[in-house]
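Can you make the complete structure from the sequences, with help from the hints?
2 protein chains.
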Amino acid sequence: MRATVFQAPGDVRVADVPDPAIREPTDVVARVLRGAICGSDLWAYRGDIDTAGRAGNRLGHEWIGIVEEVGARVETLSPGDAVIAPFAFSDGTCEFCLAGLPTSCPSGGAWGGPDNDGGQGEAVRAPFADASLVKIPAEAATDDDLLAKLLPLTDVMGTGHHAAVCARVQPGGTAVVVGDGAVGLCAVLACNRLGADRIVSVGRHKDRLQIAERFGATHVVNEHDGETVERVRELTHGGAESVLECVGMQSSMDVAVDVVRPGGTVSFVGIPIGVEKVDLQRMFGENIALRGGVAPVRAYLPDLAADVLAGWLDPSPVLDMTVDLDDVPDGYRAMTDRIAVKVKIDV
Amino acid sequence: MRATVFQAPGDVRVADVPDPAIREPTDVVARVLRGAICGSDLWAYRGDIDTAGRAGNRLGHEWIGIVEEVGARVETLSPGDAVIAPFAFSDGTCEFCLAGLPTSCPSGGAWGGPDNDGGQGEAVRAPFADASLVKIPAEAATDDDLLAKLLPLTDVMGTGHHAAVCARVQPGGTAVVVGDGAVGLCAVLACNRLGADRIVSVGRHKDRLQIAERFGATHVVNEHDGETVERVRELTHGGAESVLECVGMQSSMDVAVDVVRPGGTVSFVGIPIGVEKVDLQRMFGENIALRGGVAPVRAYLPDLAADVLAGWLDPSPVLDMTVDLDDVPDGYRAMTDRIAVKVKIDV
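Chains as they are written, first to last, in the working numbering: chain A, 1 to 347; chain B, 1 to 347.
Quick caveat, the hints were computed from the structure, so don't treat them as lab data. Hints may be right or wrong, so weigh each one.
All copies of an identical chain are treated as equivalent in the list; a pair is satisfied when it fits inside any one copy or across any two copies.
25 Å max Cα-Cα, derived SDA-like pairs, lysine to any residue [unchecked claim]: (1) K277 to D48; (2) K277 to W43; (3) K277 to V229; (4) K277 to V294; (5) K277 to D254; (6) K135 to V294; (7) K135 to A310; (8) K277 to D258; (9) K277 to G263; (10) K277 to I49; (11) K135 to I66; (12) K135 to S316; (13) K277 to Q250.
Have a look at this one:
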């Protein structure tokens with residue numbers, strides 16, 4: 001089959017790779033319908049981190065597909081079923097899976113890399129398929145719009161929702177979302193979905209802040225206009241009880257901690273690769289909590305998918321560019337150059 | 001009157017100072033019965049920080065007393081009432097006081113320093129007395145044992161309780177307390193009071209770890225024996241859901257983050273003056289929350305005092321040395337030299 005392979009920083013290729021096959025009786029093999037390129041795929045592409053940055057590694061951890069083959073112990077899935085995958089698989093039986101934290105499953109893992117198929121390819125072997133994949137209606141698989149609405153749930157929408165949950169966004173509450181990438185925009189949508197009254201979106205791109213407004217931001221603050229902290233504090237009458245840090249850089253974390261209200265919570269869901277430290281003195285003095293991490297997307301998928309299918313949730317505007325599988329390298333370039341927020345792959 | 005005054009690092013004196021008098025109609029003046037020396041008083045004494053470190057500053061923020069005079073607008077207190085004070089005063093009417101976070105009260109403040117009487121003296125002018133002070137039964141004022149049991153509630157017991165609350169200690173749960181100072185020991189007692197099943201106390205002093213066992217620690221780990229993290233992980237079968245960091249040093253924070261279970265919480269209640277950074281990568285990867293700060297002791301005082309008065313709670317073993325007011329300098333030396341865990345002052 002054809003699949004996207006990491007070659008070197010700045011060089012991803014769509015190449016011929018072995019067809020996936022059932023290895024464990026709990027596996028399925030699925031044909032991929034839609035994939036996507038994630039902001040976190042760019043870390044290796046830009047050479048910022050080593051993770052997944054070895055030649056030959058498979059790429060992509062966001063996908064929707066059709067089950068083609070099932071292992072002997074798969075109970076809930078059959079060939080022909082349409083499924084959506086969270087960005088990590090998990091066994092569904094361990095302490096952490098049962099507690100709603102499948103990303104800490106000791107048997108779990110992520111799509112792609114040296115050992116697993118990635119979502120940016122024609123097919124995937126999916127381990128622990130009963131536990132990891134979520135069935136969606138068969139008719140969704142032929143509905144291009146619906147696929148676009150569901151696709152962000154594989155990662156960025158689940159991650160934005162995690163940011164909102166960790167920051168304890170409340171009905172009627174005030175939330176500040178720092179970051180206008182795909183996760184930050186989805187976080188705005190998640191705050192809106194959870195009933196926040198006042199949502200301030202902080203970003204650096206006019207066009208993305210417009211999506212934030214469409215997603216329910218009541219106020220936007222463009223960091224290029226300066227005095228970000230002062231303006232956010234003014235808009236939130238002294239700080240918000242919920243602040244969602246959706247970037248993972250030192251400057252964004254600093255803004256987040258500076259605009260939270262005493263007793264409030266900063267959540268963080270961007271890999272904090274650029275964060276050296278947090279202002280513990282301020283956190284201590286004002287009882288500010290820091291809470292977040294890699295999003296347990298699998299735990300959120302059924303609820304979020306139900307809302308999409310009901311027509312109540314539509315994160316698809318973050319997917320502002322579409323490529324065919326062969327043109328995935330163009331997608332990486334477009335996201336790196338910030339021409340696209342997020343790229344959808346029609347496989 | 002006589003009161004303890006900071007002169008210079010290593011030099012505190014009991015000196016003649018002006019008698020306190022009502023300044024605001026919401027003030028009371030109280031005669032002090034019992035005071036204490038806090039670990040945080042030692043920061044200035046050792047010259048580690050400037051706070052309260054100016055010559056002439058008054059010292060002490062832990063006290064129990066008898067109301068002698070009340071301002072015109074004081075409603076709930078009368079001369080002769082016995083009262084216990086939290087380490088900070090607060091107006092009782094602002095957003096944060098009403099939310100149970102009186103330490104963030106914009107009108108609030110702490111005893112001592114350049115502007116207020118301290119608890120290590122004969123009397124105190126107490127601002128916002130209705131809101132700040134908690135009445136205790138008159139007979140408690142003449143009961144030496146009961147005064148010793150109540151005195152830690154002014155700070156260290158309330159702070160240990162805050163650590164347990166912030167770390168989400170649950171009935172039947174597992175908690176690790178890092179630190180065997182007065183706060184750490186009180187935190188063990190708080191975990192016990194909240195019903196934790198397994199409580200691991202991590203410290204460096206054999207005698208203090210014995211108090212921890214008396215307070216309900218099911219296991220103690222002496223850091224001098226090495227491999228602290230490994231041993232705590234073993235005792236907690238891979239980490240505790242609740243870890244209470246009660247020191248405020250880099251090494252203690254590092255241990256705390258290393259022994260928390262995925263999805264768990266590290267609370268921190270020691271001024272993080274020695275903490276440069278926390279391991280955000282681990283926090284991110286395992287969804288570990290960090291939560292804590294200066295303890296809103298006033299909010300906890302009524303419940304904790306009720307438990308002491310009912311005979312269910314006794315943190316007095318942390319007070320292992322008693323001095324008269326004139327001998328307060330000896331108390332500072334004893335705590336600095338770690339001869340005493342915490343010093344009670346019989347004024």
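Hint check:
{"no.": "1", "hint": "K277 to D48", "in the structure": "both (19 Å within a copy, 22 Å between copies)"}
{"no.": "2", "hint": "K277 to W43", "in the structure": "both (20 Å within a copy, 23 Å between copies)"}
{"no.": "3", "hint": "K277 to V229", "in the structure": "both (18 Å within a copy, 23 Å between copies)"}
{"no.": "4", "hint": "K277 to V294", "in the structure": "both (18 Å within a copy, 20 Å between copies)"}
{"no.": "5", "hint": "K277 to D254", "in the structure": "both (9 Å within a copy, 14 Å between copies)"}
{"no.": "6", "hint": "K135 to V294", "in the structure": "within (23 Å within a copy, 47 Å between copies)"}
{"no.": "7", "hint": "K135 to A310", "in the structure": "within (15 Å within a copy, 57 Å between copies)"}
{"no.": "8", "hint": "K277 to D258", "in the structure": "both (13 Å within a copy, 17 Å between copies)"}
{"no.": "9", "hint": "K277 to G263", "in the structure": "both (20 Å within a copy, 21 Å between copies)"}
{"no.": "10", "hint": "K277 to I49", "in the structure": "both (19 Å within a copy, 21 Å between copies)"}
{"no.": "11", "hint": "K135 to I66", "in the structure": "within (10 Å within a copy, 69 Å between copies)"}
{"no.": "12", "hint": "K135 to S316", "in the structure": "within (19 Å within a copy, 59 Å between copies)"}
{"no.": "13", "hint": "K277 to Q250", "in the structure": "both (7 Å within a copy, 13 Å between copies)"}
Violated hints for the displayed structure: none, as all numbered hints are satisfied.
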